[in-house]
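K.L.:
Listed below, chain by chain, are the residues.
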Amino acid sequence: MSKSQSSDEGVKRTVRTTVWALLGMVLFTIALVPLYDVFCEVTGLNGKTATSAQVMSAQERDDTRWVRVQLVTRSGTGLPWRLEALDQVIAVHPGEIAQARFRFTNTSDVRSSGRAVPSVSPSQGARHFRKMECFCFQEQWLEGGESIELPLVFQVDPALPADIQTLTLAYTLYPMSEVVAQGGYRE
Amino acid sequence: MASESTHAVLQPNVGTAEQHGHHSAQMPTGIMRWVLTTNHKEIGSLYLLFSLLMLFVGGTMALVIRAELFQPGLQYVQPEFFNQMTTMHGLIMVFGAIMPAFVGLANWMIPMQIGAPDMALPRLNNFSFWLLPVAFGILLSTLLMEGGGPNFGWTFYAPLSTTYAPPSTSFFIMSIHLAGISSILGAINIIATILNLRTPGMRLMDMSLFVWTWLITAFLLIAVMPVLAGVVTMMLLDINFGTSFFDAAGGGDPVLFQHLFWFFGHPEVYIMILPAFGIVSLIVPTFARKRLFGYASMVYATASIALLSFVVWAHHMFTVGLPLTAELFFMYSTMLIAVPTGVKVFNWIATLFRGSITFEVPMLFALGFIVMFTIGGLSGVMLAIVPADFQYHDTYFVVAHFHYVLVPGALFAILAGAYYWMPKWTGHYADETLGRWHFWLSVIGVNLTFFPMHFSGLAGMPRRIPDYALQFADFNMISSIGGFLFGFSQLIFVWVLVKAIRGGEKAPAKAWEGAEGLEWTVPCPAPTHTFETPPKFVPEVDSPSRH
Ligand code: HEM
Ligand SMILES: [Cu+2]
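Line by line, the protein sequences are chains F and H. If you read the first sequence in the working numbering, its first letter stands for residue 1, the second for the next number, and so on. If you read the second sequence in the working numbering, its first letter stands for residue 188, the second for the next number, and so on.
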């Protein structure tokens, strides 16, 4: 066979380069996850809101605009709880502080824990939905049959783009015992 | 030992030209010869036969799907099993049939087209092939496991493939990893071969377009296979180790899965079509007896398609709730891909223009490719229109689109290549009459199957359902009849292949009058070892880009 010494060298060099490129792509893939998180935190593009209490926006209240805030809930992920939005639609002026009430009911007769995870759509609005107080910042524990009412205190930032007239905030209930057993919540 | 021939990289100091003369004498015989082979032609044959087998396995699953959809209502299978069939059909066709077939063609033809004695890393080549039967053995075995095999679609969206997945999912992940490693090793080997083993005098711009498109495809593989490996690894961690990459309950994000998957997935669809472009770009000039029109623009078009394929992934996600600017960006970038694709179609037609065309079977398949791939491209452009895609997404219209680009697209190109090079592989021409039957029945079958899907999709029939509303019944019945026709027509190909292996009209070294390229300077069938001394190559005479 005629593969010359020089082509052997070349093959080695090419293999080395491609393996480096491959490793680069592996690192890139690993980096994509935190990059995505940061990207979404900055832009709010995945509809996620802050995971701890935020301060009020000092911007002046904009009385010329109304924003409809729709509150919807979803359960059915295996947790025997019911979550109801007692105020289903609230009209607010941007900058105004408002409150919405939610009722959590444990429909089983054993104590369990759950967490309501929020998501805002359209996602461009997520960054402008500020929560001063929310049950979603931590998990809840309910005795069997227990029912509690919990508030959400929020403010729609006046910087909300003008073309957004309705914001939908959806809460999905998840069983926390499972998540905790599996390694906890990724803040 | 066969492994002697791998001295090139692993033992740079041993191995001289003489040592290589002996190794065929010490070759193991019987089955071990095939298990241990490091010969690019034998490994190429293994790849091709494996992918033919997978074509029939995946095809059988498609026929289970089409039988169930022949009429509305549930007839033969339960929805759970139906979902496993759609999932396995897609996975097997993509990773088991189309991709290995192209790697098989690369193994056979690239060394012969660049005047190299073998692939650069022959032992690695053997290893990458044998990973595949293991991977697909594991994948198929999941069908027998408790809870069944993967049932979440070939795109395995989380949390369907994590929280709600059957227990066999970890085996699925394992098999994807193995198939992925196989592809990566194959790609490294192909790049190393093309960049280093070209016969003296052959510049990059003198290579055949099949070699060019494969070089670019190999780079795509290196770039995106790690992303696929990463995404299935995250799934594995979510399922077994309590992380929450894609689980909203734990603070993760299912949409992240889709971004990662399609960042791999869109380049992947080009991995399945670029080598097809290369094959067609060889066959059309041969049977038009003209040089390829616009060689350089073909190379640049291929490279731009490959680059653009990294910035269009979210056209699969228009309905997940992207912001308007993102929808616009991905819409325009997707439509931009139609430009280099159009350049290619234009060049093929310009090559045909005023050629003295004959219609041998390889040419029939290549012409069928040009016409029907373009139909798939057009429905692709329709899907790229965001507001239209809101309606088309996840309907049979998408199924029609990607089957047009993959079946009369990628698969027809593979078949065209098989008919074109069969004389080189077996020494005999493929039976022309049977080949024509194979072609025409395939054309009728494929259009009967997939054309009505445009209509059922536009009328709103969702994909991946075992039962459907009555108004879709007629279209589905036609699709099912077409599907069975197409499926059984492929048996003719097996017949043709067996016939050509056993005998038939003997082919001279240059089997086709208008063929160009170094592979046509060695006898038919190609001897086990070719180009042990590099062939002479004079660009002014031999290059496909000469003026
Ligand atoms: C002109 C070029 C093309 C354009 C503009 C295009 C556009 C699109 C768009 C927008 C979708 C998403 C549809 C939806 O889910 O709503 C799609 C899906 C798809 N395309 Fe294409 N495409 C093109 C060529 C190709 C080629 C060449 C292939 C493969 C060889 C291909 C394979 C696929 C596949 C497999 C899917 C569906 C994936 C799935 O959801 O299962 N496309 N295409
Ligand atoms: Cu795509």
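In case anyone wonders, no lab produced these hints; they're calculated from the structure. Accuracy of the hints is not assured; some may be wrong.
As the list claims (entries may be wrong) - Stretch by stretch, here's where chain H covers chain F in the computed footprint (C-beta under 8 angstroms, at least three residues): (1) 19-25; (2) 28-36; (3) 45-51; (4) 84-98; (5) 140-154.
Claimed, not checked - Anything over 12 angstroms on all C-beta distances counts as not near chain H; from chain F, calculated: (6) K12; (7) S57; (8) A58; (9) T73; (10) R101; (11) T107; (12) V117; (13) A159.
Said to hold, decoys possible - Beyond 12 angstroms from chain H on every Cβ pair, some chain F residues (computed): (14) S6; (15) S7; (16) D8; (17) R13; (18) V15; (19) V55; (20) D63; (21) W66; (22) R115; (23) S119; (24) D157.
Cβ coordinates follow ideal geometry from the N, Cα and C atoms, glycine included.
K.L.:
All hints are to be evaluated individually against the structure, with a verdict given for each.
P.N.:
Quick rundown of the hints versus the structure:
no. : hint    : verdict
1   : 19-25   : holds (count 4)
2   : 28-36   : holds (count 6)
3   : 45-51   : holds (count 5)
4   : 84-98   : violated (count 0)
5   : 140-154 : violated (count 0)
6   : K12     : violated (6 angstroms)
7   : S57     : holds (21 angstroms)
8   : A58     : holds (26 angstroms)
9   : T73     : holds (14 angstroms)
10  : R101    : holds (23 angstroms)
11  : T107    : holds (19 angstroms)
12  : V117    : violated (6 angstroms)
13  : A159    : holds (16 angstroms)
14  : S6      : violated (9 angstroms)
15  : S7      : violated (5 angstroms)
16  : D8      : violated (5 angstroms)
17  : R13     : violated (8 angstroms)
18  : V15     : violated (5 angstroms)
19  : V55     : holds (22 angstroms)
20  : D63     : holds (27 angstroms)
21  : W66     : holds (22 angstroms)
22  : R115    : violated (8 angstroms)
23  : S119    : violated (8 angstroms)
24  : D157    : holds (17 angstroms)
Of the numbered hints given earlier, the model fails hints 4, 5, 6, 12, 14, 15, 16, 17, 18, 22, 23; all others are met.
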